[in-house]
Structure formats: C-alpha cells, structure tokens
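Q: Using the hints, position chains X and B against chain W.
Residue numbers (the working numbering), protein chains in the order written: chain W, 1 to 334; chain X, 1 to 507; chain B, 1 to 325.
None of these hints come from the bench; they were simulated from the model. Careful, some of the hints might be misleading.
When the alpha-carbon atoms are kept at most 20 Å apart in a straight line, the in silico DMTMM-like pairs for lysine to aspartate or glutamate are as follows [as the list claims (entries may be wrong)]:
1. X:184 with X:479
2. X:184 with X:141
3. X:376 with W:13
4. W:24 with X:399
5. X:11 with X:280
6. X:433 with X:141
7. W:197 with X:211
8. X:424 with X:264
9. X:376 with X:399
10. B:279 with W:155
11. W:197 with W:13
12. X:424 with X:259
13. W:24 with X:141
14. X:57 with B:205
If the Cβ cut is set under 10 Å, some of the chain X residues that face chain B in the computed set are [said to hold, decoys possible]:
15. 84
16. 92
17. 99
18. 100
19. 116
20. 123
These numbers were taken from a predicted model, which means no experiment stands behind them. Glycine included, every Cβ here is placed at the ideal spot set by N, Cα and C.
What follows is the residue order along each chain.
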Amino acid sequence: MAERTLSPRVIPDRLQSRGNRLLKSWESLLLVVAVLIFTINSFASPYFLDPWNLSDATFNFTEKAMIAFAMALVIIAGEIDLSVASIIALSSTAMGLAVSFGFDTPVLIAVGLGTGLVCGMINGLLITGLGLPSIVVTIGTMSLFRGLSFIILGDKAFTGYPASFAYFGQGYVWWVFSFEFVLFALFAAIYSVLLHKTNFGRAVYAIGNNQTAALFSGVRVGRVKFILFLLTGLMAGIASICLTSRLGSTRPSIALGVELEVVTMVVLGGVSILGGSGTIPGVVLAAFIMGMVTFGFGLLNVPGIVMSIFIGVLLISVIALPILWARARRRVAH
Amino acid sequence: MLQETTTSRLKPAIALEGISKSFPGVRALSEVSLSLYPGSVTALIGENGAGKSTLVKILTGIYQPDAGVIRVDGEETHFPTAQSAAYAGVTAIHQETVLFDELSVAENIFLGHAPRNRFGLIDWKKLNGDARELLRRVGAEIDPTIRLRDLGIANKHMVAIARALSIDASVVIMDEPTAALSHKEIHELYELIDRLKADGKAILFISHKFDEIFRIADRYTVFRDGGMVGEGLIADVTQDQLVKMMVGRDVGQVFPKVDVAIGEPVLTVSGYRHPTEFEDINFELRRGEILGFYGLIGAGRSEFMQSLIGITRPSAGAVKLDGEVLVIRSPAEAIEAGIVYVPEERGRQGAIIGLPIFQNVTLPSLHRTSRSGFLKLANEFALAREYTQRLDLRAASLDQDVGTLSGGNQQKVVIAKWLATQPKVIILDEPTKGIDIGSKAAVHAFMSELAGQGLSVIMVSSEIPEITGMADRVIVMREGRIVGRFERSELSAEKLVRAAAGISEAA
Amino acid sequence: MAKILKNREILLVVAIAALLMAITLRFPGFVAPANLARVYNDTSILIILALGQMAVILTRCIDLSMAANLALCGMVAAMINAAFPGVPIPLVILAVVVLGALLGSINGLLVWKLDIPPIVVTLGTLTIYRGTIFLLSNGAWINAHQMSDAFKALPRAPLAGLPVLSWLSVLAIAAVYLLMTRTPVGRAFFAVGGNPHAAVYTGIDVGRTRFLAYCLSGALAGLSGYLWVSRYAVAYVDIAAGFELDIIAACVIGGISIAGGIGSVPGAVLGSLFLGVIKNALPVVNISPFAQLAISGTVIIIAVAVNARAEKRKGRVILKKAEAV
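Here chain W stands alone, though its shape is the one from the complex (with noise of 0.2 Å):
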C-alpha cells in the first residue's frame, strides 16, 4: 500500500513521468494492433498502401467515429445512448422531407443539426429530467425515432438530392483528404480538448466515478448529462448530413445497427463500459484500426458479415486479454 512510503510533509506530484505512463497506457497497445494490422494490411494486399485507396477507406469509419467521439463522453459519464442510429434515420428523414417541399442545401444542414439536436434533447431530458436509466430510455427512444422514420417513409426512399449537397460525403477538402475525413479531424481535436483539457471533461470523469459525490462537489450533474446527450444527438445529426450526402438516398432503415459499432468502437477505444476511464485518443485509434480492418478484408474480398466477427472477437479479446495477462502474471509471482 501507498502508505508504506511515508513522506513526511511533502508529497510529490507524480511519482511516474507522463512518459512512463503512456507507455503502459491502453492507447500504446492500441497504437501496437494499429501498426500491426497496417504492415499485415500491406503484405496482404497490393491494393492497401495506394492513397486514393486508403482515403476511400477512410469512409467507413468516419461518421462512426464522429459520434462515438460523443458517445464516449457519455460513456465515461456512465451512461449509454443507443438510439444514434435511429436519430441519423430520423434526421436524413426531415432532410429528406424538406427536400421534398423544395429546400436547398443551407436549410438542409439546419434541418439535419435540427433534427439531431432535438434528439438529443428528448433523451436528455427524460434521463435528467425524469431521472430513468439511459441504456432503457434510449432504447425506447431508438424504436421511437426510427419509428417515426418509418411512419414518414414506409417503403418509400427520398432522393434528388441537391447537387451541392453532395459536398458532404463526397467531397475532398486537398488532395485525398475528403471532406469527411477533415471533419472527423477536426472533431477528434474539439472533443480531445474538450474532455482533456476543460472544467467540463473534468465533471464528465467526476460524475462517472461517483455521481454523487460529483453533486455534493457542486458538480452541475443534470446540466452535464443534458449536455452530453444534446452533444450525442448533434453529433448523430452531423453523421447523418456525410452519410445521406454520400449515399444521395434516404430509407427509414439507413444506419440500422450502427449504434452497436459505434460502442464497439468507444469500447476498443479503451473507455471503460462501467465508465469513469478512457479517453479520446483511443478511440481515434480504435476508429482507424476497426476502419483498417475492414478495409484490409474488403480487398481480400471477404464478406462483411465475416469482419463483424472479427470485430466481436476483438472487441471480447482486448478487454479479456489484459485479464488474462494480469492474473497469469499474479500467478508467477505466487
């Protein structure tokens, strides 16, 4: 125990560098499969080291990453929002609606930021508001939500997107580097800041420790939640704008089953379920590395449904792994 080392009056800051630390941090090992399954990636495949390829592959993680930047916040607060997939069906919906009656692509946005923000709202005020549990709400608020979607849509499909709506999931920014994957980048860095460096992120760790005593620290505990699921539903609202522009259709069961993946990939990101931990550097890597992967089987032309399996047993593995390791460890040192 720590107070075998007595200090009489001054205790240090740290005893292990911030180097030190890093080093045997989760993000590390992260980095480590990263690496690994990039050099695997570039022997298995001609294909994988090209630009243009790597850029399209891009694509597949970008908007799940977007709002998993989000969820992780939420996560860590100790809650669980799984109705974002159903807020991106329920956005590309309205914006599909207002193309409809004849909107261009300015309100289109608005629309889209609408749709998610309110969203977002509903979930945040029944879960701080009514005080119910987040994982139960939103999954009444995931059928809700897309249900809607459906009662709109049916069977049907908007199209005859703008033109210059087709900017957000298609578009490049320079060179390779789409639109999407400059804003993932950028999020990436808003929401590192954010949880990292601000008051804010501080409560989001306080409260998911120990809500309670968050309160009783004067941590605004309900204001922080509302604004983590309100976060949740724009972010949602904003994946929804890439990806209805990127596909230029919308059916009520667009995005189905992504709110599983976008755990997955907080989860693999290191940000612990129970929450208090993790933070977003992992989930960067853990976007890129579940991004690789599938992009790496696309080439080898396995079917998805097969790198969902990968996806699962990594998902168990990672955590289980170091569990594993720990106690054989414990073991050799009996």
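A: Below, chains X and B alone, put in the same frame as chain W:
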C-alpha cells in the same frame, strides 16, 4: 453484563491459528490467532486497516488464508466458499445489514437453505412458518411475508439475527452492528446478544465504541497492522490499556479545543422546514464558533444539513449569510455562496474513488484553478498540495488514486476538498466516523485551527465525547425538531442523552 | 387503490384490457376467443425469449445476443433437417436447445470467469453468432421446400384447441415460473441482482448464478430458433435481426428492472403480450404497420417512467405528524 463463564476451561467453538493473508503489495494479516468460545462474546478491536475485515472474510469463507489453520470444535477445516463456512455454523451480521430489499422477510432469513418439499422444491408454507417462529425467538414482531424494504434499520437487524439463528450458527460475527442504530435499538441488540450468549453461541463483536465493548464483551483481542497484539478477559483490562494496545502509543481522550473569541453571527437560519423530514429549525452560527448538532441516528440532522446546501428542497424557511438572504438550489450554489458540507458517507458522497488525490481536492474549486474553462494542472497541484499538507495527509503522491488511501487519509482529502473552496461556513457531518484514532486527532486539531482562523463550523456528531470535547454550543435534534440548546458551560453527557432520547429532567 | 396501482402486474393487466377495449371499438372481432388465441400464438416466441431475458436481467446482466443465438440455432436446425430429413424432430429440438445453452454458456463464462461487463460480452457475441451463421450457410437461404413436412408442421399441429407452439410457450412459462419461485437457483437470481455483495455472504456464487441465467436464456433462444424457422419456413442470416430489443422491451414493459433484482414471470409474459396485442391490432384498426416501431418505443418510455415511479425509494419520514398522514 452476564457472568463471565469460565471460558478458559471450555474448548473454543472455532479457533484460528497462525493465519496469514497477503494481497498484491499488502500483508493484511500475519500469523494471527483467535479463539471464540461458546457462550462468550469476544470483542475484536483495532484501528481501520488493522486487518479486522480481512479476518471476517476468512472466517466466512470469502477469502482463503495463505497460511494457517481453522479449527471448528477442534477439527481442522477449510472454508473454500461462503457456503462451506455457513455449513460449519459460522455466520456474519454486517455493517448496514446487507440483505435483500426486494425479497420477503422470510426469504431473507432462509435464502440459501430454504426448506424443501419432497420434490426438492421450496416449501413456502414451512418457510413462512419457520420464519415466524425464529422472529418470535429474537423478540421481533415482524410479518415474515412482507418485503424487507418496508422495514426500518433496526428491524432489518432483527431479520439478520434471525437468519443467523436459522442456520443454527454456533459462531456469530457482528461487524459494527450498532453503527446505524439508535439508542433504544442498541439496547434491544444488547439484550439479544445476552440471549444468544445464553444459547451458547460464540460471538465475535467488532466495534469502535469502547462503552459498548465494556458493556457486552467477555474477552478481547486487539489487532494492529495485521498482527495480534493482545488478548484476554475484559475484566482484567482498562479502556486506556486497550487504546494503548490498539495504537501502540498513549492517546489520551484529550480534545484539542482552543478557546476562540466568538464574533458576530455569520449564518442565520429561520423557519426552515420540510414536509416529512424536519421543521421549525431556527438558529444562528457565529464567526469562529463550533456549533455541535447532537441527536440519535435518524433525528433529521443530516437531512436538514443536506437541504441547507440544496440537495433537497425545503418547503419553507430563510437563510441569511452575512446578513444577506440566500436562495440555494444546488450544492454548486452553496459552494459559491461559501457554505460547504462534508458529508457523512465518505465513500458514497465524499471521495471520488477512481480519480487521483489532486483532482478530488480541486473539483469544487476548478473555477479558481482554471482559466476560461480550461484546466491548469500546475495551479491544481499547488492548491491540492497546500490543503493536503495542512491536513497532514499521508500519501505517496498527489497523482495517486484516492481509493488506495486508508479511511482516515481519504477523509483528510475530502475535508481538504471543501476547505480549498475557502468557505465561510463548513458543515462537518460525523467527521470522524469509522476512522482510526490517529486521524481522528488530526481532524479535531484541524477543526480547532479553522475556528481560530475565524471560520464557522457546524459539527454533526453522534459521539458524545466529540460533542462535549469540541463544541462551543450544542443543538440537540429529535424526530426532525430542535429539542435542546446548550452552551459549553452547561454541557453534560447526561443532558444531551436525555434531550436526544426525549426523557424529561423530572422523570 | 394505491396498493393496486403499485402492483405492476395488475397495472399491466388493466393496461392490456384497456387496449383490447379500445381496439374492440374499432374492430369488435379482435376479442373473439379464436382471434385472441391467434394473437397469443403469434406472441409465443417472444414470451419464451422474454422469460430467458428476464432471468438474465434479474441478475443485473443483459443478453443482447439472444436474437443472434436464435438465428444461429434456427439455421442449424434447418440445416440438420435439410441434410438428414429422417432425424426425428424432437431430437432436432433437443440438439438446438443444447446448442443454444452452449452459446449462452459462452456469454456466461465470459461474464463469470473474466468479469467482462455483460453488455460488452453480448455485444461481441451478437456479432460473432450472426457471423457464424454466414460461415455455416455461406449466406444461402434454406427455404420451405428444403425442410421436411414434419419439421414445418410441429408448431402448427393443433392440440386440444391450441397449436403446439402455444402449448410450448405455456410449458415454458410454467417451467420458468417453477424455477423462479420454487428452486434455490431461481431465488438466487433475485438475490444476486438485488444485492450481489450480500449474496456472496449468504453462500451464493454470484458468477455461477449469472452463468446459469445465461445458460437458461441461451437454451430458450435455442428452442425459439427452431420454432421461428419452422413457423416461418425459412432460415437465413438475418432472421430476427433486431429482435433482441423487442425482447428487452417486453421485459421493461413487464416491470423487470434493468438494475436487477426486481421482476416476475407474469410481468415478462404480460409485457410480451402487450407488445403482441399492439402488433396484431395495428393492421385491423387500419394503422399502418410501419407505426408499430414508434408505438412500441413510446410504450417502452412510458413503461420505464411508470416503473421508476413505483421503484422510487420513499424518503425517510422523520417527523411524527408526517408519519401519521
């Protein structure tokens, strides 16, 4: 006290010999021995971290010892599971009576060993009948079919004891059983323990309260730092000797109370009330004053304090701080105004386990250490160092998880956290509950120092020595109302107890 | 009155009755016994699954992999039948029940032995089980003509007025009810979810109990796999995709607390029936079937709000006069 039976000639019901247990980095127990005799109460005494809970967990089969022998009635045995300990007749009644709120009383008593019919299915009729019989034996009037959540704490205790009887336990472990009980309930518990003794049960009684140890124990065993440092008959020992064994040094029950010039009123509370928890709360708190709030557990003191800082909403009442009317709707607003509350439940409401020490300390003061919402770690470390050192915190580094500290040091972090907000009024709710004597003294000394610096302190405490030792003035609450006010000069333990229990002077 | 309102099961019965009455106003034929029997039969699989999910949720866990488990077992049942039409159907059922229990036990082992949070484990196995169906079938469908008549006929076979499918769900309800109320394991489910810490001290192995709950949910998912595939006479990778949420919804509506320790067999059954009635009523009262999802979402939110009110702890009543009120 029952007559001390000649236990030395009896064979122990259970005996631990040379028990050792280590965890990664810590040696929790080293070669301790303990014998419990039928019909006798053995008090297990030790500071927090002395290894008492580890021992209980070994006795109940939760942990396996690394070395040593357990003998039941002289036979060497092992308790690989909790079930096996229960079969051997060892049962434990825990802090806060951990049972199952959603199950019925009868089921709480028989869970794990319910009577079955000839098809191997649980026989509910017999279950309820047997439960009724057991509850009658412990003298509790409880319907065995109601859900446990509908019972009060004292009755839950009775259910826990009925459970102990139901497995026909020969060894009953009581881990701080009186911690959450009121005066009257404690006395009922004492009577019950006497009855269990008469039934020939061997009882291990863990407590921090010396008065009750001398009231009911026959024997004592003292632990210090994972080792056994003394045992014998209670009749042969004094309180001072026990304390000396516990801490390994002389600690007089001296309170470091310093006389402070008491200034003008700082906080004025008038007409404060809540629909179900308290009413008619009126008082003034002055600069440099330590105002004690005494009462039995459940008298509404914590409820009132938590309402004062905005956790619950009062139905009426006014609060003035430095003459200005305040409306506080959340702890955040209370902290801003300069009123802070150090809660009673350290683990649940105080410390944020999982975050490092410095982040715990700075959490309510982040607006001061940060710049426009962005963290400044250097400022945080400086603030955390300043306050933790004032409280003489023992830690390896400020970056260490607060969960790795002992209870006493955690409490210092928690107090440092609220002091760092530079409050005008600090409310300490049971500030020394469940912490070791060394830390207690540090907290008391610090409290005096604060008052000397002009801070106003409200101290909620259920320990009479602490109240009489530290408070300038005492308010006594009972059933949600103020029932007594005493100046330091007129304080006596008897007056406090009478007021808190509602016994009139004449009676 | 207050007491009745507190009883979740009675509240649900009232809600279902009110729902039926409202439907009757538009379509009187709905409450005809034959139609009600049809609705029950249509809800049977959901009921069986909800019973398994209930056991898992009671222990403070969750099983997101039930629908994937169902689909995998259904595919295996169909493949056995397609390859060896001669194998007696009860043997096929037994095989998939065992397989389902095995798949459930994988969840249980990961939760028990490695302490991985249940939501992560079953999220992982959900994708793994679905993927395995693809590996087994190569993405191909097994259609009605590849299945033997006996395979398809069993759930539909009438027995004393009801199809075998209905009887199987009745049997499952009775068996799980007996398990939950009259056996130590069943009571342990409640104890583990209600207070895992205390459960250890009463000699209950928390991990093992959770493992058993997963085995039960797995076995019931396996049974449902056969029933689903034979009833709809088709097996492919995506059958029952997303159904895991319907199962959880049925449990939530049935008053089973997601925090564990609170719930009952009648609750799970009534919660399933509530969803079943809505699903079957929409077409007959001329509401687009596309509205079903939104309605069940709304019902989940209302149900959880109602349950939360019922579970809310009473504040401590300290004042004497307040106690009297």
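Q: Now tell me, hint by hint, if it's right for this structure.
A: How the hints compare with the structure:
no.: 1; hint: X:184 with X:479; in the structure: 14 Å, holds
no.: 2; hint: X:184 with X:141; in the structure: 16 Å, holds
no.: 3; hint: X:376 with W:13; in the structure: 14 Å, holds
no.: 4; hint: W:24 with X:399; in the structure: 16 Å, holds
no.: 5; hint: X:11 with X:280; in the structure: 58 Å, violated
no.: 6; hint: X:433 with X:141; in the structure: 31 Å, violated
no.: 7; hint: W:197 with X:211; in the structure: 52 Å, violated
no.: 8; hint: X:424 with X:264; in the structure: 13 Å, holds
no.: 9; hint: X:376 with X:399; in the structure: 15 Å, holds
no.: 10; hint: B:279 with W:155; in the structure: 18 Å, holds
no.: 11; hint: W:197 with W:13; in the structure: 18 Å, holds
no.: 12; hint: X:424 with X:259; in the structure: 19 Å, holds
no.: 13; hint: W:24 with X:141; in the structure: 59 Å, violated
no.: 14; hint: X:57 with B:205; in the structure: 15 Å, holds
no.: 15; hint: 84; in the structure: 8 Å, holds
no.: 16; hint: 92; in the structure: 6 Å, holds
no.: 17; hint: 99; in the structure: 6 Å, holds
no.: 18; hint: 100; in the structure: 4 Å, holds
no.: 19; hint: 116; in the structure: 8 Å, holds
no.: 20; hint: 123; in the structure: 9 Å, holds
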